[in-house]
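As given, the protein sequences belong to chains A and B, one line each in that order.
The UniProt record's numbering numbers the first residue of the first sequence as 1 and each following residue consecutively.
The UniProt record's numbering numbers the first residue of the second sequence as 1 and each following residue consecutively.
Just so you know, these hints were derived from the structure itself, not from any lab.
Fair warning: this is a prediction, and the values are worked out from it, not measured in the lab.
Do not rely on the hints blindly, as some may be mistaken.
Identical copies look the same in the list; a pair holds intra-copy or inter-copy alike.
What the hints assert, rightly or not - Below, simulated SDA-like cross-link-like pairs (lysine to any residue); rule was C-alpha separation at most 25 Å, straight line:
| hint | residue 1 | residue 2 |
| --- | --- | --- |
| 1 | 339 | 279 |
| 2 | 37 | 226 |
| 3 | 37 | 281 |
| 4 | 83 | 17 |
| 5 | 339 | 315 |
| 6 | 339 | 277 |
| 7 | 37 | 282 |
| 8 | 37 | 283 |
Read off the chains here:
Protein chains: 2
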Amino acid sequence: MEKLWANSGDSHLVEPDDLFDRSLSRSLAERMPRSVKDLDGGWETIHVDGQEFRRRLPRPGRRLTDENGLTVPDRAPGANDRKMRLLDLDSEGIWAELIYPSLGMWTSSIRDPELLAAGARAINDWAIEYQRFSPRYVSAATIPFLTVSSAVAEVTRAANLGFHAASLPVVPLIDGDDWHRESWEPLWTALAETGLVVAFHIGSEPHEASSRNGTYYRGPGGALLNYLETTYGGQRAVAKLIASGVFDRHPSLRAIVSEGGATWGPFVADRLDEAYRQHASAVRPRLRRLPSEYLYENVYASFQHDRSAVAAVTAMGWRNVCWGSDYPHIEGTFGHTQKTLHELVGDLDPATRHRITQGAFQELFPHVPPAPDGESSPGPLDAAAR
Amino acid sequence: MEKLWANSGDSHLVEPDDLFDRSLSRSLAERMPRSVKDLDGGWETIHVDGQEFRRRLPRPGRRLTDENGLTVPDRAPGANDRKMRLLDLDSEGIWAELIYPSLGMWTSSIRDPELLAAGARAINDWAIEYQRFSPRYVSAATIPFLTVSSAVAEVTRAANLGFHAASLPVVPLIDGDDWHRESWEPLWTALAETGLVVAFHIGSEPHEASSRNGTYYRGPGGALLNYLETTYGGQRAVAKLIASGVFDRHPSLRAIVSEGGATWGPFVADRLDEAYRQHASAVRPRLRRLPSEYLYENVYASFQHDRSAVAAVTAMGWRNVCWGSDYPHIEGTFGHTQKTLHELVGDLDPATRHRITQGAFQELFPHVPPAPDGESSPGPLDAAAR
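Same shape as in the complex, but just chain A (with noise of 0.2 Å):
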């Protein structure tokens, strides 16, 4: 079976144990997000900042397992070394991959915007290490959200640091302004500037202790469901920057939604056009284009499995849909990458396999190598794909 390489649109990597620890303040390190697991095993409770958000786990005494309980150290004892995890790459056939923190994720729950902007330096001290470890590796930049001004501050010291991402949770504060707030637009000014790719990751939402905290169901079919609850925040995060006019204001500002899937584009662009025509008289700010055509050119999206996902770009012609591995994670195709690579996307035509596998990512991310294959599919193919 020929071995077909792929960018990844949405990985992650796994916090060592002591990385706040070794970093901040014990004062600071100590509110951060970390996961404490009962004693017997069942539940795990999520700290920070002085909130606790109690999950079951999976399997027994077991985190981040997949179906037949292996843990990200079983399964994927190399997710965080930055050798070993090359190698991990190279026998699934991933090329190059955008990175967001796993624990980190809950920082979004964090409500202190002092700890928040310290605690994002400290994760990006460590992820910036990747990067230059290989150019294979594309870190996304924690960005704090609870001040405009440490927000625009960490954007440019990221920028500095050579990251060329950064990770925004799909809502910014419950009951804060929202991202679609004029008050963001300093924001917006330098990511452009920077020329930084916004990454929202599915899941970001900031949880309150006291109500929820990502489960939304219950019951029956509650774990189907919770799961497509998942994709909404994804798709209203890059509606909100295209409705209230940042893709207007900013062109070459970029934003790619990972781990949501990505025929929602197609639908999402058609909503907000009839939304656009047919409730004209509310509409405000006007844009100079239509919203469908800043989703078209200025959104991305990562999927892993979606079998329409191929459909999205060559029936729909949207693009920007990149292929994601969510490694190591269970979401994702660790184990069986090659199988659905070659299911997805193994009797397309040239242009558009080298487009979903890699084009859109390297579009965002120029600066990335060319995969082995990749010299085979260059460039201009891309645009034969439109």
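Following the hints, position chain B against chain A.
The following block gives chain B in isolation, referenced to the frame of chain A:
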């Protein structure tokens, strides 16, 4: 320009002002949904069972206005006249319609089971008269949902009255038992036994006057964001039926989501399949088939303008995409139906065109006579579109 005839999976009646006064006791009638406009005409108040919902009117003094500020009586004066309505349909090229109430959609915010049961009977006794006037009218029965027994009783009564569809809100009651809970099993059984199609119209979430009334976002882009938000309720509703095994237990049951677009279907199918496989250890109940198979066979959806909806059929294989007019509402195609239909399906092969404009609807409502141009595209071609 050749006239294209289409069935509509989403249309509305507009209640006469005295509907409830003439059919219910005064004490009940005054608690049913009614609209009272401010003297200056800028806002209206919807009164429902002791709750009040304020909403801004698109143009001063006008309700349900279009871009030119025209009200329903101005722009579709025949909407609520059984005979004149057919003239509008003929003129637009709309053949048969699945018809919901308008103000009656607010019944989802009623909290008193007795009131809702009596109000639903009043609405249904009025709505069935349309269907009896012409086989082109397929009225959706309003089903009370505050108790399981009242829902089952009205389904039975509606089936005896001749209804072919049962309208349910996309969420039955905030903080109540949601559609995926076991308590609703007698309702699904009654619907499957009577053969009524479950009709979910988007935007039918119960509203809480103290918190939200369908306005989720304010500020820049709010109109677009709120319109996008409306589609998610319909997606969730059918996902609840799929995930909790309703279609597994009742394979003949079918549901349509009206006005929520259509391209979400293949997307949600893929999303649920990914959860079903990757989170297998947490999934219960297990289903006999993949979630996507129920979505592709038991679930239908109507769209108005979406460019990508055709490709959901042709490239993603979801045959259950219906067109819908939303007549006479402003989100709909009234006044430009032929233009919209020609843009959407004018260049399609006859089989696919028939499937979207007529066939999927006919599959749900086989008692409806074929459209004037329906003879030329007989049933077998529908199967060929698969």
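Hints versus structure:
no. : hint      : result
1   : 339 / 279 : between (45 Å within a copy, 19 Å between copies)
2   : 37 / 226  : within (22 Å within a copy, 40 Å between copies)
3   : 37 / 281  : between (54 Å within a copy, 19 Å between copies)
4   : 83 / 17   : within (19 Å within a copy, 73 Å between copies)
5   : 339 / 315 : both (23 Å within a copy, 22 Å between copies)
6   : 339 / 277 : between (43 Å within a copy, 15 Å between copies)
7   : 37 / 282  : between (50 Å within a copy, 19 Å between copies)
8   : 37 / 283  : between (49 Å within a copy, 22 Å between copies)
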